[in-house]
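Visitor: For reference, the chains in residue letters:
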Amino acid sequence: MAAPPAGSTNAPYNYNYIFKYIIIGDMGVGKSCLLHQFTEKKFMSDCPHTIGVEFGTRIIEVSGQKIKLQIWDTAGQERFRAVTRSYYRGAAGALMVYDITRRSTYNHLSSWLTDAKNLTNPNTVIFLIGNKADLDSQRDVTYEEAKQFADDNGLMFLETSAKTGDKVEDAFLETARRIYQLIQDGSLDLNAAESGVQHKPSHVTRPLGTGEQPEATGKSCQC
Amino acid sequence: MEAVIDDYIEPAELTLHFARYQEEVTTGKVGYNTAFDYGWCLIRSRKTDEVMKGIEMFKHLYKNGQQEARRDCLFFTAVGYTKIREFELALECIDTLLKAEPGNTQAKDLKHVIEDRLKKSGLIGMGLIALGGATVVGAIGLVAMLTKKK
Numbered sequence: 000m001a002a003p004p005a006g007s008t009n010a011p012y013n014y015n016y017i018f019k020y021i022i023i024g025d026m027g028v029g030k031s032c033l034l035h036q037f038t039e040k041k042f043m044s045d046c047p048h049t050i051g052v053e054f055g056t057r058i059i060e061v062s063g064q065k066i067k068l069q070i071w072d073t074a075g076q077e078r079f080r081a082v083t084r085s086y087y088r089g090a091a092g093a094l095m096v097y098d099i100t101r102r103s104t105y106n107h108l109s110s111w112l113t114d115a116k117n118l119t120n121p122n123t124v125i126f127l128i129g130n131k132a133d134l135d136s137q138r139d140v141t142y143e144e145a146k147q148f149a150d151d152n153g154l155m156f157l158e159t160s161a162k163t164g165d166k167v168e169d170a171f172l173e174t175a176r177r178i179y180q181l182i183q184d185g186s187l188d189l190n191a192a193e194s195g196v197q198h199k200p201s202h203v204t205r206p207l208g209t210g211e212q213p214e215a216t217g218k219s220c221q222c
Numbered sequence: 000m001e002a003v004i005d006d007y008i009e010p011a012e013l014t015l016h017f018a019r020y021q022e023e024v025t026t027g028k029v030g031y032n033t034a035f036d037y038g039w040c041l042i043r044s045r046k047t048d049e050v051m052k053g054i055e056m057f058k059h060l061y062k063n064g065q066q067e068a069r070r071d072c073l074f075f076t077a078v079g080y081t082k083i084r085e086f087e088l089a090l091e092c093i094d095t096l097l098k099a100e101p102g103n104t105q106a107k108d109l110k111h112v113i114e115d116r117l118k119k120s121g122l123i124g125m126g127l128i129a130l131g132g133a134t135v136v137g138a139i140g141l142v143a144m145l146t147k148k149k
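Each protein sequence line maps, in turn, to chains C and U.
Quick note on numbering that gives the first Met the number 0: the first sequence kicks off at 0 and runs consecutively.
Quick note on numbering that gives the first Met the number 0: the second sequence kicks off at 0 and runs consecutively.
Hints listed in this document are in silico derivations from the structure and should not be mistaken for laboratory results.
Only a predicted model underlies this, so the values are computations on that prediction, with no experimental measurement involved.
Incorrect hints may appear among the rest.
Stated by the list, open to error - Heads up, simulated DSS-like pairs for lysine-lysine below, C-alpha to C-alpha not over 25 Å straight-line:
1. U/Lys118 x C/Lys162
2. U/Lys119 x U/Lys147
3. U/Lys118 x U/Lys98
4. U/Lys107 x C/Lys41
5. C/Lys199 x C/Lys41
6. C/Lys199 x C/Lys65
7. U/Lys98 x C/Lys40
8. U/Lys52 x U/Lys62
9. C/Lys166 x C/Lys41
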C-alpha cells in the first residue's frame with residue numbers, strides 16, 4: 000500500500016466506513032449473480048453453484064460519506080449451511096434472497112430468517128430480495144404476498160433482476176442507507192465488536208472477520 | 000478470492016466442529032457432512048498442522064465421498080495448499096477441477112491467485128539467492144583484501 004502523504008492520517012483510505020454484508024438464501028436464487036451485477040455491472044449466465052463462500056467489494060456513497068461494502072456471498076447448497084453460518088457474525092446488513100418463480104425458495108425464508116436473526120446482532124438490517132423479476136410470466140410468488148411477509152417481519156423489500164440489473168443497486172444502497180441512519184441516530188454502536196461497521200479505519204485495512212490480507216479486490220465475485 | 004483464502008476461523012468455531020466430528024468418530028459412523036464441515040473449518044485455521052489435517056480430510060472425501068461434491072473437495076484442497084504455500088500442489092488440484100469445469104470462475108480466480116503467489120515466492124527466492132551470492136562474493140573480496148594487507 001502506498002505511504003500516506005504527509006499531514007493526512009486518512010490518506011490511504013478513500014472511504015469513511017466499512018460495512019459488512021452477507022447474502023443468504025436457497026441454492027439457485029441468484030445470490031452470486033446479484034453480487035456480480037452489483038460489483039461488476041454485468042450478468043453472468045451459466046453460474047456454477049458457489050463453492051463455500053465468495054467475496055466482493057464496492058465503494059458506494061451515502062449522504063456524502065464513502066462506504067466500502069465487504070460482501071460475503073454464501074453458497075446456498077444445504078451441505079455448506081453449517082459452516083456458512085459462521086460468516087453471519089458481525090454482519091451489518093443481510094440480503095435474504097428468494098426466486099419469484101420458485102415458491103419453494105420463498106417457503107424456506109422463515110428458516111433463513113431464523114438463522115439471520117439468531118446469528119447476527121439486533122441492529123443488523125435484513126433486506127428481502129425477490130430476484131428474477133424479469134421472469135414475470137413464470138411468477139410463482141406475488142409481490143403483495145412477499146411485501147406482507149416483509150412488513151410482518153420488519154424487513155425491507157424489493158424485487159430485483161440480476162439479469163437486467165433492475166433494482167439491484169437500490170437493494171444494496173438502501174441497506175447501506177438504513178445502516179447509516181442507525182449509526183446517525185445512535186442505535187448502532189460503532190465500538191461494538193460485532194456491529195459489522197468500521198469507522199475510518201486507521202492503520203491496517205482488512206476485510207471484517209478475515210486475516211491480515213489487505214485490500215481485497217472487488218473482482219472476486221463469482222457467478 | 001484473496002479474502003476467501005485469507006479468511007480465518009474463530010478457534011471456538013473450530014472446536015465446535017471438532018467436537019461434532021469426534022462424537023461421530025466414537026460412535027463409529029462419521030457422516031459425510033460432519034467430515035466436510037470439519038474439513039472446511041480446518042482449512043480456515045491459522046495453524047499449518049490443522050490446515051494440513053483439513054487437506055488430508057478433503058483428499059479422503061474426494062476419493063470416498065459424494066461424486067457431486069468432488070469439485071468442492073478439490074477446491075478446498077487447493078485453498079489449503081495455497082495457505083501453506085504448497086503452490087505446485089495447489090495448482091494440480093485446481094487444474095483437475097478446471098478440466099472438469101473449465102468455466103468455473105471461482106476456480107479460475109483461485110488459479111490466478113496461486114500463480115501470482117507462486118511468482119512472488121519465486122522472486123523472493125531468487126532475491127535471497129542473489130543476496131546470498133552477493134554476500135559470498137563480498138566475503139571473498141574481504142578475505143582477499145585482508146590477506147593482501149597482510
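Visitor: Is the hinted pair U/Lys98 and C/Lys40 satisfied, with a Cα-Cα distance of at most 25 Å?
Guide: Since the Cα atoms of U/Lys98 and C/Lys40 sit roughly 28 Å apart, the hinted pair is violated (cutoff 25 Å).
Visitor: Given the hint that U/Lys52 pairs with U/Lys62, test it: the Cα-Cα distance must not exceed 25 Å.
Guide: 16 Å, holds
Visitor: Assess, step by step, whether the Cα of U/Lys119 is no farther than 25 Å from the Cα of U/Lys147, and give holds or violated.
Guide: 41 Å, violated
Visitor: With the threshold set at 25 Å, check whether the alpha-carbon distance from U/Lys118 to C/Lys162 stays at or below it.
Guide: It is violated: about 37 Å lies between the C-alpha atoms, which goes past 25 Å.
Visitor: Does C/Lys199 pair with C/Lys65 here, judged by a C-alpha cut-off of 25 Å?
Guide: 10 Å, holds
Visitor: Between the alpha carbons of C/Lys166 and C/Lys41, is the straight-line distance 25 Å or under?
Guide: 14 Å, holds
Visitor: Can the restraint linking C/Lys199 and C/Lys41 be considered satisfied, given a maximum Cα separation of 25 Å?
Guide: 30 Å, violated
Visitor: Just to be careful, I want the Cα atoms of U/Lys107 and C/Lys41 compared with a cutoff of 25 Å; is the pair within it?
Guide: Distance of about 18 Å is within 25 Å: holds.
Visitor: Can the restraint linking U/Lys118 and U/Lys98 be considered satisfied, given a maximum Cα separation of 25 Å?
Guide: Between U/Lys118 and U/Lys98 the Cα gap is close to 23 Å, so the pair holds against 25 Å.
The structure fails hints 1, 2, 5, 7 (numbered hints given earlier, in ascending order).
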